[in-house]
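Colleague: Residue numbers (my numbering), protein chains in the order written: chain Z, 2 to 867; chain W, 2 to 867.
Please keep in mind that the hints were generated in silico from the structure rather than gathered at the bench. Each residue gets a CB set at the ideal place from its N, CA and C atoms; glycine is no exception. Careful, some of the hints might be misleading.
[Said to hold, decoys possible] Footprint (simulated), chain Z over chain W, 3 or more residues, beta carbon under 8 Å: (1) 258-265; (2) 532-539; (3) 641-653; (4) 671-682; (5) 747-753; (6) 757-765.
[As the list claims (entries may be wrong)] Here are the simulated SDA-like cross-link-like pairs (lysine to any residue), alpha carbons at most 20 Å apart as the crow flies: (7) Z:Lys629 to W:Lys690; (8) W:Lys629 to Z:Val672; (9) W:Lys629 to Z:Arg684; (10) Z:Lys690 to Z:Val672; (11) Z:Lys690 to W:Gln760; (12) Z:Lys629 to W:Ser447; (13) W:Lys690 to Z:Leu764; (14) Z:Lys18 to W:Ser447; (15) W:Lys629 to Z:Glu402; (16) Z:Lys629 to W:Pro405.
Read off the chains here:
2 protein chains.
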Amino acid sequence: MQKKHSIAFTEVTPTAKIAADTHGGRAKCLQRLIRLDLPVPRTIALPFEAVHALAAGEMLDMKRLLAPFGPDALLSVRPSSEDPDWGGPGAILNIGMNDARHAALSRSLGREAATALYLRFVQAFAVHVARLDAEMFDQRGEDGEAALAAALAAYEAETDEQFPQDPAHQLSEVLRSMARAWEGTSARLLRQARGAPADAGLGLVVQQMALGVGPGESGSGVIQFIDETTGEPCIKGRYLSQSQGRDALVQSKGALYLTKDPRGPSLEERAPECFTALIEYGRTIRTRLREEMQIEFTIENGRLHVLDAVRLRRSPRALLRSVVALAEDGIIPREEALCRIDPHALTELLHPQIDPEAPREVLLEGLGASPGAATGRIVFTAEAAQAAEAQGEGAILVRRETTPEDVRGMHAARGVLTEKGGMTSHAAVIARGIGVPCIVGASAMSLDLREHRITLEDGRVLGEGDLITIDGTSGEVLGGAVPLLEPALDDAFNSLMRWADAARDIGIRANADTPGDARMARTFAAEGIGLCRTEHMFFEEDRLTLMREMIFADAPEDRAAVLERLLPLQRADFEELFEIMQGQPVCIRLFDPPLHEFLPATREGLRELAEALDLPLSDVTRRVEALKEFNPMLGMRGVRLGITIPEIYDMQARAIFEATAEIARKGGTVVPEIMIPLVSARREVEIVKTRIDSTAAAVRTETGQDFAWRLGVMVETPRAALRAGDIAPNAEFLSFGTNDLTQMAYGLSRDDAGRFMSQYVRLGVFDEDPFHRLDTEGVGELLMIGAERGRAARGDVVLAVCGEHGGNPESIEFCRKAGFDYVSCSPFRVPVARLAAAQFALREAAGRKKSKLSQRLMEVFARPAE
Amino acid sequence: MQKKHSIAFTEVTPTAKIAADTHGGRAKCLQRLIRLDLPVPRTIALPFEAVHALAAGEMLDMKRLLAPFGPDALLSVRPSSEDPDWGGPGAILNIGMNDARHAALSRSLGREAATALYLRFVQAFAVHVARLDAEMFDQRGEDGEAALAAALAAYEAETDEQFPQDPAHQLSEVLRSMARAWEGTSARLLRQARGAPADAGLGLVVQQMALGVGPGESGSGVIQFIDETTGEPCIKGRYLSQSQGRDALVQSKGALYLTKDPRGPSLEERAPECFTALIEYGRTIRTRLREEMQIEFTIENGRLHVLDAVRLRRSPRALLRSVVALAEDGIIPREEALCRIDPHALTELLHPQIDPEAPREVLLEGLGASPGAATGRIVFTAEAAQAAEAQGEGAILVRRETTPEDVRGMHAARGVLTEKGGMTSHAAVIARGIGVPCIVGASAMSLDLREHRITLEDGRVLGEGDLITIDGTSGEVLGGAVPLLEPALDDAFNSLMRWADAARDIGIRANADTPGDARMARTFAAEGIGLCRTEHMFFEEDRLTLMREMIFADAPEDRAAVLERLLPLQRADFEELFEIMQGQPVCIRLFDPPLHEFLPATREGLRELAEALDLPLSDVTRRVEALKEFNPMLGMRGVRLGITIPEIYDMQARAIFEATAEIARKGGTVVPEIMIPLVSARREVEIVKTRIDSTAAAVRTETGQDFAWRLGVMVETPRAALRAGDIAPNAEFLSFGTNDLTQMAYGLSRDDAGRFMSQYVRLGVFDEDPFHRLDTEGVGELLMIGAERGRAARGDVVLAVCGEHGGNPESIEFCRKAGFDYVSCSPFRVPVARLAAAQFALREAAGRKKSKLSQRLMEVFARPAE
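Just chain Z, same shape as in the assembly (with noise of 0.2 Å):
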């Protein structure tokens, strides 16, 4: 039984008590546009409870509802949930029309207009209030008045009633019916896709009818004043005579440009003052609204009614400019600029991406490891990556996995696309730290190494050479060259980050590798290098020969005679990389990865390492395989290197000052950071740095150079966090590889847990993968607990971030807030980083005032930006 009450609704006028959080964002956004003056229509609002008591089979006093309207007006229905992006049912049209009315606006408007006004009601009402057949509703093609005829007849026949005549009674089965299908059960999933919490309410807005159908210019159009894609100002948008609601964005035949063209008539020349009236409308809107927003129109008899403003979809690129404006123009404050975009957009800003208006041939989808994209030429080995790279030939890597012997060629490559791995895999993360567009886990396709071959699972065949494109942002490999957009680090995007650095609390380095690393860190404004790993430095050719030699060397003598050979190179590569950093610290970090690393793993590699060292392959090969690890993520490395066999650390301590020593006699500073890699007990730290301190010492002697320098720990193993009170006393800075930290936390290889994340995170067992945004429940709390105990051992300890997760929004407000003078991440992460910083600085500083200002960005903050 349906129970009688009064559901509350109002007008919407400049005075009504109209919120978001009430009465949806539609209706909020009228009553602005009113409050400015604007033609709206009249509108009347119902809020949240009043739809959901609706949905609940309560009953409306139509009457009332009604009676601001005229006698003869008719009405449309449109959702407001309190965002618009959550979505809603369609508007509904031209309530009202019957067969009296038609008869009656046959006569004002014309047959053909009345005709379609109520053809057009009828369709939407059979269809989504009565819920029948939209096959049976779909009169295209036919003339008007038969397909009113067949359209009527067909309700008539499917519901053996005859379409509803009263206004009273069709607008309250729209207004239920619309009410029933937000709680429907898909209609919940698809919002809280988009974010919407499972409560989250419906608005309604009925409206009155501006006709876009009649006599004199009538038609119905919207416009917007920046480009979506791009953010450029300009004038965009359509207008179609006789139509009604968004028509002429879906019809273009007969559309009319809005500003004068060659191309065609348009609606400037059409109704000048209409034109003027929009583009005055646009400016008011935009100053008063603050927002970029896309106006729907309606031209009645040359009338101008606007009938809604909504938040105009843009690309990140044109969000940025277009907010960068807003604030430039001084419509918004810069700190509301900060926020209003969400720190991941950038990084498809920092990257060549696929035009979207481009055709896509997809041949292959893998996880996109590494943003951007990427056209080039097939090659399966490292060595044809340089060799294309030399010819000024782009080429894209294809590999089963990646291993540190790939990373010269995945340099080289302009992308790189692996069969197997996961978001966190060698090739990953590899790529994104040095910014090359990856693809990883591309399984579908078999790979055949020997042949140089890719069969596809269509049974297509590509082969070295083949010319493919790759999207590391969505992870598709695209056949042959497809249009890129470049990547847009333009003045928007520069005043976007001053500002941010203006903001934050926090510093942000970038982890570098090589002086290419070391350029990009400083082109993105890191404030330093928080971590240079220095184990690629000895892949290369010449240094490969000679870390194996030291590797085959049997005393410790024949070990450091062989690294007297490498030092001048080490001590090349240092300098190189200060001079770039010149003024900004640099912590390096000490050799980290098991030997083996570096041998051969293929028996012809056996045999041309045996040829080069001179000694029987057998031997060679025994060596090999002793030093073979069960896991060597958890074997002889870091550290434990540097103590069971010290003439490595010693070497690099050596270059690393005698670096810096260079530097200070050219009359530049540079103070080395020297951090310890995979310590988990004081003492490891204690005999490093007897030896680190002795040979500081020696190389100031020698040089007759002073220098500044720090010893830091890299606290990557639980028991080094744990134990952080003990090896603080030793250590200038602290920094936290979370990477390694989260797979001895979970006991999970990030290169082996590939396999099974992706379901673990679909069946919900970790709420998303550990490697891609920190645990602060576990990790975290080994995070805290290492940064607590090493501050209250030595009170100016740095503690720092480095890895994977620096970069990530989240484990930088976790770091903030617990401490942390810094996190490091790759430089394609920088940007990132810096306007993630800026906004939770912002934030805290926001709920600490409580100002009406803060009060506002909070609401800003509360959900993000498109």
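Guided by the hints, dock chain W onto chain Z, whose structure is given.
Modeller: Okay, now just chain W, sitting in the frame of chain Z:
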């Protein structure tokens, strides 16, 4: 300049103030003998501070020191350190001998006896006091008179002084020399190695000589009342006429048996009264000194003197037997008996040992990784070991290192020898678990597995079938068969264990994977099984094939079908286990290892597998390759398999429940405990729990049997420890796997740590191998955090530690303090654990009561028993 000072000393009388920690153990013991009215010659004790002052150059009031002794007395000086085991300088006898007394004693004792006394003193003084070259004073073979003359001449030639004639000067020099020897570096290092503190003091005992030379029955000897190897009561010792000190032990020629003996003359016959008195004294000493002592005695012209009594050095089994006898005779309380045995020493009693008397030809040395000795013929494969066992022949399995595929071979072998690996390698852990003697890391052998040949460093070659004996305690590999002592699970052992169980307050379970292990667990009176690893069950020939089929199955239904065939085998495993363990809890860990452990590693194995599965070799190779992992320890194993391939756990749960129901049907009871391995997040437990719950319900319905069971979690990742509060609500017990927890806390694989662990311990980087002794600071904190949070979330959660550390006394102490309910360890560690747990409980009780008894117990606890 030497200072003159009055240094304190005391004559040893029943009422003198003498204590072991001021005057040393020997002085204290002599006082006790005097209190018992034993004929101890007059004795003066110099306390530690006196000896320290002497060494520092202070002077002694010799007149006062010598006063109590008659003017013609000869004196001895012996060391008296706080603990006799710490050693000290050798005794010096016959102080006071000079030319005049030589002449006088020649008259009273005869020339020969007097000369012997003088010569002995001159030699000792020259070598130990004047520090002259010992070779010059080695006058063996010369006639007494000539020897004395030569010694005096040599002294004069070397020192340019006459041999000192003043008894006061002689004694003063002897005392100072012994004082200084104690302070020397090498003496200090030696006693520190024996457990003495750096500042341990030395007391000295000056005693009037009872001369063992001269007229009538004169001589010296030692006597003890049990066998020092077996602990059996007996009268054992030697007596030598016309001798001094412990000569009877050194020089067997002419020595007498103590009791009547068909082989020769005896003291019992030669001096029956002295003999009877000695037996009586022995009884008194044992009762009143509450210890098995060895008595040093001298007969001077038919009169018996007791010079000294020292704690008898015994083998572990003799110690145990004698201590239990003391308790059973009511001489010491059982609690004290329990505290006198070092739990570690029990290990030796549980395994055959190489007879310490037997000659040893050491071929090779490695790390003694699993105690006990075994003789057998060399085999190089697990299959050969099984074949040898089938033929009733003992085999020693020699491998480079072992893998899970070798486990059955290890069960079949008498002993295991590997070239690689450390104390926690696969071979070591498994061998300890199943109680098979094992030596690992015998890297000096060159192993040719193709030719089935071992080449030793000296070029000797051992082949298949050669007989060797391995000593898993010492790590020695001996040639041929060597006589062994059988294990000593005798009445004394059982009594001690019974007393321990009455005293301890933490549960002890055993890790047991097989029925054999389970029987062993019952033998050693474990309170149930704390860890039953199920993966071994899948390595048997018929099962391995099914496992491989399961791994190669494409669809869940196919996997389930194969597992259906494994179900009855697995059910039978559990039924057998439950039968053996009737009435005790059995904690079963669900399948844990990565699947690739079940796949062949060799090309031949792959070919066989392809044949068995009727698949192309390339397919099989590809699948096997695809399952390989970079870090298997951190990969797809444990609950990760349980979630991604749930059919395995489904089958195991069903097998467990069906076996439980079958036992119930037969009228028995068993409460299986099901443990989920490698958990890192709450949701993992929830998902597995849901499936197991429904399997239990299904089996209840199908069988009509009701049964109880418990679900728990193995906490072996740091994250699981940190999140124990999250996990406990779904877990009735939390069992901490300290092996994996150690691996992950340190970021250190136990399989790979062997390469540098010894160096790390030697350099003091780690105090001890953390896989061997629980790292209480790091891993221990994770245990504490996990226990605390688990219990806070669920008050009745059962807390346990399983794995290698479980049986270590240090870990048991840690777990008791942290409030754990039980520890679980290898069956062979169970007795050690039971005793250690009892000691900790007694120690705590003693600390609480502070009674006299407990004070005394505390003294005993303060240092380990022999």
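Colleague: Now look at each hint and say whether the structure bears it out.
Modeller: Each hint tested on the structure:
1. 258-265: Answer violated; 0 residues pass the 8 Å Cβ test.
2. 532-539: violated (count 0)
3. 641-653: Contact hint for the segment 641-653 of chain W vs chain Z: holds, 3 residues under 8 Å.
4. 671-682: Held - the segment 671-682 of chain W has 3 residues with a Cβ nearer than 8 Å to chain Z, which meets the minimum of three.
5. 747-753: holds (count 6)
6. 757-765: With 5 residues closer than 8 Å to chain Z, the segment 757-765 of chain W meets the three-residue bar; holds.
7. Z:Lys629 to W:Lys690: 39 Å, violated
8. W:Lys629 to Z:Val672: 44 Å, violated
9. W:Lys629 to Z:Arg684: Roughly 36 Å between the alpha carbons, so the hint for Lys629 of chain W and Arg684 of chain Z is violated.
10. Z:Lys690 to Z:Val672: Holds. Lys690 of chain Z to Val672 of chain Z sits at ~17 Å (cutoff 20 Å).
11. Z:Lys690 to W:Gln760: Holds, because 18 Å separates the two Cα atoms, which is no more than 20 Å.
12. Z:Lys629 to W:Ser447: 18 Å, holds
13. W:Lys690 to Z:Leu764: 15 Å, holds
14. Z:Lys18 to W:Ser447: 91 Å, violated
15. W:Lys629 to Z:Glu402: Given that 20 Å is the threshold and the Cα spacing comes to 13 Å, the pair holds.
16. Z:Lys629 to W:Pro405: Given that 20 Å is the threshold and the Cα spacing comes to 18 Å, the pair holds.
In summary, the numbered hints that this structure violates are 1, 2, 7, 8, 9, 14.
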